[in-house]
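A.B. asks: In case you want the letters, here they are:
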Amino acid sequence: MDLARTEVAKAPARKGRRPSRGSAARLGLTALPVAFFAVFFAYPVVAIVTRGLKVDGAWQFGRITDVLGQSDIQHVLWFTTWQALASTALTLLFALPGAYVFARFDFRGKQVLRAVVTVPFVLPTVVVGTAFLALIGRGGLLDELWGVRLDTTVWAILLAHVFFNYAVVVRTVGGLWAQLDPRQEEAARMLGASRTRAWRTVTLPALAPAVAAAALMVFLFTFTSFGVVQILGGPTYATLEVEIYRQTANLLDLPTAAVLTLVQFAAVGGVLAVHAWTVRRRESTLRLVDAATTARRPRGAGQWGLLGFVLLTVAVLIVLPLGVLVQRSLDGPEGYGFAYYRQLTSTDGGAFLVPPVDAIGNSLQYAAVATVIALVVGGLAAAALTRRAGRLVRGFDALLMLPLGVSAVTVGFGFLIALDEPPLDLRASWFLVPLAQALVGVPFVVRTMLPVLRAVDERLREAAAVLGASPLRAWREVDLPLVRRALLIAAGFAFAVSLGEFGATVFIARPDNPTLPVAVATLFGRPGDLNYGQAMALSTILMLVCAVSLLLLERLRTDRTTGEF
Amino acid sequence: MSTTKKATLTAVAVGLGLVALSACGSGSDSGGGSGKGSKDVTLVSHSSFNVSKDVLKEFEKSSGYKVRILKDGDAGQAVNKAILTKGNPQGDVFFGVDNTLLSRALDNGLFQPYEAKDADQVLPEYRLAKGERRVTPVDSGDICVNYDKKYFADKKLAPPQTFADLVKPAYKDLLVTENASTSSPGLGFVLGTAAKYGDDGWQGYWKKLKDNGVKVVDGWDQAYNQEFSGSAGGRKAKGDRPLVVSYASSPPVEVLYAKPRPKAAPTGVATGTCFRQVEYAGLLSNAKNAKGGKALLDFLSGKRFQDDMPLQMFVNPVRKGAQVPELFRKYGVEVDEPGTMDPKKIADNREPWVKSWTSLVLK
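If you read the sequences in order, they're chains C and H.
Take the first sequence: its letters are residues 1 to 565, numbered as in the numbering used here.
Take the second sequence: its letters are residues 1 to 363, numbered as in the numbering used here.
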């Protein structure tokens, strides 16, 4: 999620490096990530699209205009776009004050709160959708208090999107905001500028690219929204992603699904291109300071009021839906207690061949392997991107982001039909799940590692060498301490994202080895009180695991060069 | 030392970790399909498939095969996934294609012919046209409107029993059903209305149903566990629709999973709204272990499995003389004349009907 600051902490110019050596090294570094993406991303996606658009060896490009000409499909396109725009605007509205408060104010429990707002981002949508329904659906809190129900309206979707993406804005914008030197604004005021004018001419221009980047990311996530829209939108609302899923999984209309995949691909490509452009525009140097020195305790009614507003937003939009989840997991048949949790260890429910609690172990194993893969691939890619960026490399940079925006359904189905023949006969292998999860983890690893790698000052290494250190020693003393922390943080994030991955996993996870999100979805799909309660209990466990790993990250997150996680 | 080398070293270290981890993983759970040894046989099905452990063990012991079971999403998705992977199928036998989707599976060449050993033991009403040997009927269930007994008792209102009742003003805004394009009970309900009101009449009926405030949600889960006021999940979620499209076997399920077990089921079935669903199994084309698959099909239509199945999947056996459990007799209902439709007719009309239903009801 450190999407704004990739170029901010730019290293001093590296002079005098021979270009030939650099490009050879880069080629070596890029080989593995490129191969990984080619085999486990591009190839499956191309395979499923080809299956839809090629009939008897001939391409059916006419299908594209056919499909796009249908009024139903146009309706889907229109809805996808406007709900994404509205979600983005609403998220900015609620989260920008949050970004400011997290950046500039010091208050007790800030670290915990920062972890709390990030939990939704890594929760599986099936869990969130149900929690949200309990809040704004029938009998939800709003219903009880004021008789307001939002579950059949588009507001449910928009609010859930704010819930999901609040952290994107807080972390991306807030991270930079915390490092802007407040003295610059003070200087402007000293020179006679009004408070608003100083803010408009000094702070805003510095922040604008970060805001733009965050907005683009929120747009990307909401444009491709799947679970939220499926659960809260009902049958009348569908995003492109939901429509791709319906066309493939329910109707087996592969040509239509293929066309829609291409449309989404083009849209996501466009968004990423604009994103890359805003990132480049940020290459202008900003005067950054240590985040720890810019935050202070709020003063005056205005600042306390703002803090109060942000705390209220977080309480209502984020803590409340999560609280409903916990409450329901404890609200057993014989009053409050851990009955549903105890039930998780038995196979009586019959939803699985194994006790549901096994899903926790499976998920942890899968996520661990996925994290390692994401670290290797993402780490190498980040190292390659550290080198002076040419046009080609920047293209590679954007390419690494694609898995975030391409339909998980497409990837899942693609895995099924593409990776089924030697030498890539992986379909029956457990390894397929971590591979799919790693795809979504890699972008996060790259975004965390890149600023850190770029910020390592070449002169430090040179100084070490001058003082007689061997290259290995210089690496150990200079690079490792800086990179180790970023590596851990990247690992934590990849781990949390892998734990929550649902869209692709649900197609390839084996029923005797369900992951937590898959187990939750399966339990929801069965009747009866016990299954419902167990689903709630498992969701709560998943939420706690995510929250704990994020809290650990918060503890690591003290160095200003470590990006925003 | 350059960033490059540092990263390479990191990568090597991490790579070693990966190998170690993979080793752990494969130790506990090695991959490999059923093709590896002819002693493995794999059943592909939807997420509702279940069988008692001891019944399955018995089969494994007597046949010498080890059974793997792959359950995949809901029925429609499982069928579509099987069609997508038919060149190199995930298993040997597929169970769970029902009469509403049978034609899609057959037209796509999903199955190869095999007649199960006890095919003649299948009750006559479930048999397919003569000469159709690619699939074997395994179970049947009825898709029916369920009602919340407490709601109607409190209102002193008689629960609806037929399709005609559902459009009466007394039942306005009470029914929730599933999207026919994404849910098999939703599709079954639409086909039930078509069976009742004919090819030309069902749309008119749905107009009335829409005017009477029918609510459509995407899946059975949401309809039954969220919106319906009679189910355990729905009560908890404060569902406010006392009528839902579900199965005739849903009331006994409510009893089975309730603690303590109530004296009577909290829900009832409107027996005049039912549509019969029959589920079939077949030997997959390109099955790696066709011999094992045949044995598995014999098992699915055999007495032991047919007796065990009702309480595992909450459906009815199709075999002559198979036992219907006490729970069903005590808490369930007999559906005397469910709606039915020829699979060929479903095949010809499913897609256009779903399309016109969508624009009629959802838009």
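Hints were generated in silico from the structure; no laboratory data involved.
One or more hints might be untrue.
[Claimed, not checked] Negatives, chain H to chain C, calculated, CB over 10 Å:
| # | residue |
| --- | --- |
| 1 | L84 |
| 2 | T85 |
| 3 | A153 |
| 4 | S181 |
| 5 | D211 |
| 6 | N212 |
| 7 | Y257 |
| 8 | E351 |
[To be verified] Simulated coverage check for chain C against chain H, where a stretch passes if three residues somewhere in it have a Cβ under 8 Å from a Cβ of chain H:
| # | region |
| --- | --- |
| 9 | 84-98 |
| 10 | 243-255 |
| 11 | 326-338 |
| 12 | 530-541 |
The C-beta atom is built at its ideal place from N, Cα and C for all residues, glycine as well.
A.B. asks: If a hint holds in the structure, say so; if it doesn't, say that too.
C.D. replies: Comparing the hints with the structure gives:
1. L84: 6 Å, violated
2. T85: 6 Å, violated
3. A153: 21 Å, holds
4. S181: Incorrect as stated: the minimum Cβ-Cβ distance to chain C is 6 Å, not above 10 Å.
5. D211: 17 Å, holds
6. N212: Holds: least Cβ distance 17 Å, greater than 10 Å.
7. Y257: About 3 Å separates H/Y257 from the closest Cβ of chain C, which leaves it inside 10 Å; violated.
8. E351: 8 Å, violated
9. 84-98: violated (count 0)
10. 243-255: holds (count 6)
11. 326-338: holds (count 4)
12. 530-541: holds (count 3)
In this structure, the hints that do not hold are numbers 1, 2, 4, 7, 8 and 9, in rising order.
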